[in-house]
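A.B. asks: Now for the letters of each chain:
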Amino acid sequence: MSIFVDQSTRLIVQGITGREGRFHTRQCLDYGTKIVAGVTPGKGGTEVSGIPVFNTVREAVARTEANTSMIFVPPAFAADAICEAADAGVQLIICITEGIPLLDVLKVKHYLTLTQTRLIGPNCPGIISPGLCKAGIMPGAIHLPGGSIGVVSRSGTLTYEVVHQLTRQGIGQTTCIGIGGDPVAGTSFIDCLAAFERDAATRGMVMVGEIGGSAEEDAAVYVQQNVTKPVVGFVAGLTAPPGRRMGHAGAIVSGGSGTAQGKIAAMRAGGLHVCEDLGRLGEFCKEIFSQT
Amino acid sequence: MKIHEYQAKELFRRYAIPVPEGGVAATLDEALAVADTLPGYPLVIKAQIHAGGRGRAGGVKFAANRDELQRRACKILGMTLVTPQTGPEGRLVQRVLVEQAADIGRELYLSLLTDRATASIVIMAGSAGGMDIEKTAATMPDKFIKVQVNPLQGLQPHHIRQVLFGLGIPPDTMKQWPALLAALYRLFVENDCLLVEINPLIITGAGSPLAVDAKIELDDNALFRHADLLTYRDLHEEDPLETRAREYNLNYIRLSGNVGVMVNGAGLAMATMDIIKKAGAEPANFLDVGGGTTAEMVEKGFAIILSDQNVTGILVNIFGGILRCDVLARGIVEAANKCGISVPLLIRMEGTNVEQGRKILADSGLPLITAVDLADAAAKVAEMVA
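Protein chains in written order, with my numbering: chain A, 1 to 292; chain B, 1 to 386.
Since the hints were derived computationally from the structure, they do not count as laboratory data.
Virtual Cβ for every residue (Gly too), placed ideally from N, Cα, C.
Fair warning: there could be bad hints in the mix.
According to the in silico footprint, chain A covers these stretches of chain B (three or more CB under 8 Å from chain A) [claimed, not checked]:
#, segment
1, 149-159
2, 346-360
Computed cross-link-like contacts, BS3-like style, restricted to lysine-lysine with a CA-CA straight-line distance of at most 25 Å [unchecked claim]:
#, chain 1, residue 1, chain 2, residue 2
3, B, 300, B, 215
4, B, 300, B, 338
5, B, 143, B, 61
6, B, 2, A, 107
7, B, 146, B, 175
8, B, 359, B, 338
9, A, 109, B, 146
10, B, 2, B, 215
11, B, 146, B, 2
12, B, 146, B, 215
13, B, 215, A, 286
14, B, 278, A, 107
Just need the whole structure built from these sequences, with the hints factored in.
C.D. replies: What follows is the structure in structure tokens.
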């Protein structure tokens, strides 16, 4: 079992003919993901890695019964691409694109509330249910299928680090999601924790946060009130100076709020098991999850 | 991207938002020339730097006559202003804004910003503007009105009413306000702002609103569609190393410690800085060379890190996913040979083809320290700086 993506996922890739789109289409296919179509306006009728390319998402969905889309469209056109996929009835959209103007993301977020579509990202590594489906840019090989731990994170390579340590401890994963490093994300920590809580195969969660905003604090309150499974928490950015964006558009401590210290305290108050030593996170998880 | 007050006021004028008459000056002669175009004294001289808290630090002065203007402008131009927002090193004042001093009846606070939690645009209005607004906001939150605007629908009359009645604007002077708020909202969305702040927004003795200050932060991600705003970038306000790094497409932030950091990915970079601190040292920088790092990027990263004279050791932490560790290791060896790295270099690599990568590093003959995992890296950082 898993959340959001599995063997029933039929994926289209928007921006499939670009350099990134092409490369990651190949990687996902090699992992076993069912990619059924690609979309690039004006490139309809061509193929990428044997996958048919269409001019519009609507056409791709009509021809291939796709239910999920992964977006590599450049930032200036990404918001439009997300709305196109939602209008075509795609249920899950994973937007990898980094650097979309914030006002575009705000509008998209409100627009999607009028639809049944879930957006993961933007500015994220995507989602993987090990052994079942990889819809993202993460290295597939570091994941361990058949496990019982869900991972949710705002980061990319930091998530790989965490997953790698879990795998080395023999702790497999149900699903690993990068919700993205932008100030506003389509899917929140809470959405993921709620889905993991409902997922029968998931027995515990790892939540990887970073400075900026209040998503970790909100999630900590949610965990306290709604989550029965053990949750391990980690927060990056204890040494980040205030007022500076630390690589991610959303990673900024402003006016004394959004600090790592505050988030760690909130996690503790919410009953999460906070690990402060990234080097030993795998061992820490093994200890916590073997108790339950 | 932050812009100067005088630039923000230029934008305000374009949207017919009332601001005091005045102009910017880089020299004393220019300041006097601006003063001579204005109707009369008193004038106010305001240091133009990208940081708040200028007033308390001595960067804002009144001038009752030409003589006073000359003396005070002379003092502010070229001074290094230290405010709580500049850090201890302060900021060199290269320009001043010279403008008509306002006839202040009441001081209010008004800002527009994006709210992460609700994904909306928020109008914050306060009946007590002026200095120390952060403190007022924290101690007297009831003095602030927060109005959420759905970005799809935009500013509506009821939003404006909430702000005006909330601020207690006298009904007989309300007429000028809807246009002002509408113009501010348009300015915000049309220029992809992250923040527009007027503190104080005053009501003059005659009952008219006037933006005495103006602060704007623009969305870097949206600058591609605002070529006109790019001219507002002031490189003097940036660390030269950070400017150079941006030219290389590297995400670098200079810090005050002595252990240089090179990592692929922002989250892992922050976590790596934290590890250095935990090991008893201080990071010299944040450097994210990107998820799909190339050997060339690694080389440029080293050059930037080594330009910081404080650096006495470097920790490289790369999680090779798409980027293979053998490719990376070759990049490091090449860069080390080219840059002539003179400080200890600690490398922790993990991921695809890590064994081949480690072999390349070992065979290079370079005096590299390698760590097998993050825990090992932390221990070796402590050793390196001891």
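A.B. asks: Decide if the proposed pair is consistent with the structure: residue 215 of chain B and residue 286 of chain A, CA atoms, cutoff 25 Å inclusive.
C.D. replies: violated, 49 Å
A.B. asks: Given the hinted pair residue 109 of chain A and residue 146 of chain B, is their Cα-Cα distance within 25 Å?
C.D. replies: Holds - the C-alpha atoms of residue 146 of chain B and residue 109 of chain A are around 21 Å apart, at most 25 Å.
A.B. asks: Just to be careful, I want the Cα atoms of residue 143 of chain B and residue 61 of chain B compared with a cutoff of 25 Å; is the pair within it?
C.D. replies: Roughly 28 Å separates the two Cα atoms, so the pair is violated.
A.B. asks: Between residue 300 of chain B and residue 338 of chain B, does the CA-CA distance stay at or below 25 Å?
C.D. replies: holds, 11 Å
A.B. asks: Okay, the segment 346-360 of chain B and chain A, do three or more residues pass the C-beta test at under 8 Å?
C.D. replies: holds (count 3)
A.B. asks: CA of residue 2 of chain B to CA of residue 215 of chain B, is that 25 Å or under?
C.D. replies: Satisfied, since the Cα-Cα distance of roughly 8 Å is no more than 25 Å.
A.B. asks: Does the alpha-carbon distance linking residue 278 of chain B and residue 107 of chain A stay inside the 25 Å limit?
C.D. replies: The given pair, whose Cα atoms are some 41 Å apart, is violated under the 25 Å limit.
A.B. asks: Next pair to validate is residue 146 of chain B with residue 2 of chain B; report whether the Cα-Cα distance is within 25 Å.
C.D. replies: With Cα atoms ~23 Å apart, residue 146 of chain B and residue 2 of chain B stay inside 25 Å; holds.
A.B. asks: How does the segment 149-159 of chain B fare against chain A when you require at least three residues with a CB closer than 8 Å, holds or violated?
C.D. replies: Holds, because 3 residues of the segment 149-159 of chain B bring their Cβ atoms closer than 8 Å to Cβ atoms of chain A.
A.B. asks: Taken at face value, is the distance from the CA of residue 215 of chain B to the CA of residue 146 of chain B at most 25 Å?
C.D. replies: holds, 19 Å
A.B. asks: Between the alpha carbons of residue 146 of chain B and residue 175 of chain B, is the straight-line distance 25 Å or under?
C.D. replies: holds, 21 Å
A.B. asks: For the pair supplied as a hint, residue 2 of chain B and residue 107 of chain A, is the alpha-carbon distance within the 25 Å limit?
C.D. replies: holds, 23 Å
Consistency note: the structure conflicts with the earlier hints numbered 3, 5, 13 and 14.
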